[in-house]
Amino acid sequence: MEDIERQIECWRRSLPASLAERPDVIDELEGHLRDELARLVAGGVAADEAWAKAVERLGTPDALAAEFAKVPPARWLPGTVVSAVFLVAGLVGGLIASRVWRGQDGILATHILTVTWGYLAALAAGALAVWAVAEGAYRGDGRREMEAFRRTAGGLAWASLSMTAVGVVLGAVWASGRLGRAWDWDPREVGGLGVLLSAGVSVVLVRLNARAGKAAAIAGSTAAVLAWFVPPLLETGGASGIGLGVVLGAVVGGQLVVMALALAHPRAWGMADLA
Amino acid sequence: MKLNKDLVAAYAAPLILSILEDGESYGYAILERVRTLSGGAVEWTDGMLYPVLHRLEANGYVASRWGAAESGRRRKYYALKAAGREALTDQKEQWRVAVKMLGQLWGGLTWKTSSGRSSAGGGASRRL
Chain A
236 MEDIERQIEC
246 WRRSLPASLA
256 ERPDVIDELE
266 GHLRDELARL
276 VAGGVAADEA
286 WAKAVERLGT
296 PDALAAEFAK
306 VPPARWLPGT
316 VVSAVFLVAG
326 LVGGLIASRV
336 WRGQDGILAT
346 HILTVTWGYL
356 AALAAGALAV
366 WAVAEGAYRG
376 DGRREMEAFR
386 RTAGGLAWAS
396 LSMTAVGVVL
406 GAVWASGRLG
416 RAWDWDPREV
426 GGLGVLLSAG
436 VSVVLVRLNA
446 RAGKAAAIAG
456 STAAVLAWFV
466 PPLLETGGAS
476 GIGLGVVLGA
486 VVGGQLVVMA
496 LALAHPRAWG
506 MADLA
Chain B
6 MKLNKDLVAA
16 YAAPLILSIL
26 EDGESYGYAI
36 LERVRTLSGG
46 AVEWTDGMLY
56 PVLHRLEANG
66 YVASRWGAAE
76 SGRRRKYYAL
86 KAAGREALTD
96 QKEQWRVAVK
106 MLGQLWGGLT
116 WKTSSGRSSA
126 GGGASRRL
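Protein chains in written order, with my numbering: chain A, 236 to 510; chain B, 6 to 133.
Looking at chain A on its own, in the form it has when it is part of the complex (with noise of 0.2 Å):
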């Protein structure tokens, strides 16, 4: 038997690269080699002899990844919706924005509509990471929902990461140019970085594992939401302050909580990461 786990061993090492990086689909067919082994052995075949017959009936790897690189990759509805979504309303804004500015400070203009399209591009990862999360408490999570999760979360968080690079810069461009100082650590300032930030951190670790990339993308959210609202609250001051700072709070809290949720609650990790 100690043989067949190191056969089992060397087959899956075998398997080409297309394959390898699917260990979901490599677990299902080995679970069928190991199905069909024991019924050849329980028929009386001697164990390697079997194992070879199994494996021989699967298919060649060449041909098994060729069939599997044909499978559609899975749709997953709130990804479609979200990813649709962040593209129209940044085109929208991209119109309204060189209605707006046209004929006035050109890299301000650029700054203010890539600083928003970043700041937007983290909010729809981190809606995407609230669904996905209670969708996984709901039902635990699909592997190839994890997948699609894990793609269009990782494509948003390059969209945040590149437009809030590119703002940032401008930023400081413009701000060199008219306050005579590129940097100042001014709560935009700050917040500008935090978002970018944020947003490398979700790109790194929606690639490395879908629970951690899950809590960075609401943590890149939760980034985006006082970057965006924490200067205007510290310019308003008074009691629409409050107000708007009891709103803030209870945004920045709720997305605490999930993101505690997605951390914590073990039917939202996720098969991947129990594996």
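Some hints here could point you the wrong way.
Unchecked claim - Per label pair, the in silico range of CB-to-CB distance:
1) A:V276 <-> B:R70: 26 to 32 Å
2) B:Q99 <-> A:A495: 48 to 54 Å
3) A:G341 <-> B:E91: 51 to 57 Å
What the hints contain is simulated information worked out from the structure, not anything from laboratory work.
We treat Cβ as the ideally placed atom computed from N, Cα and C, and that holds for glycine.
Assemble chain B onto chain A, guided by the hints.
Frame of chain A; chain B shown alone:
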């Protein structure tokens, strides 16, 4: 008998959906069912079942979940979804038409309908 690749591609999906119509199942059990149904006459390359299952899942026809096998190992189970049931109804209609035509030409092929009535062909009936 090794069946033509195109023919396998055409009937694999309705075959799997029909097997899942009886309830949740997993890859190896589905293949065993195919072996039994064909009396060993049809040889599939075992592994090719799985991309078909994954495609059915991507199309929203079946849902999958990881459960535990009797051995305690992880095993992936598939179940028919409402969309899969609809697709199967549609496929059954198409296959009925195809089998009826071939049956008339070749003779002897019948399709037993759910009401137990035989259609097409005639003469000594060989059930498909």
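Hint check:
Hint check: V276 (chain A) to R70 (chain B), Cβ distance near 28 Å, so the stated range 26 to 32 Å holds. Checked against the hint of 48 to 54 Å, the pair Q99 (chain B) and A495 (chain A) passes, with Cβ atoms roughly 52 Å apart. Checking the proposed 51 to 57 Å range against G341 (chain A) and E91 (chain B) shows it holds: the Cβ atoms sit about 55 Å from each other.
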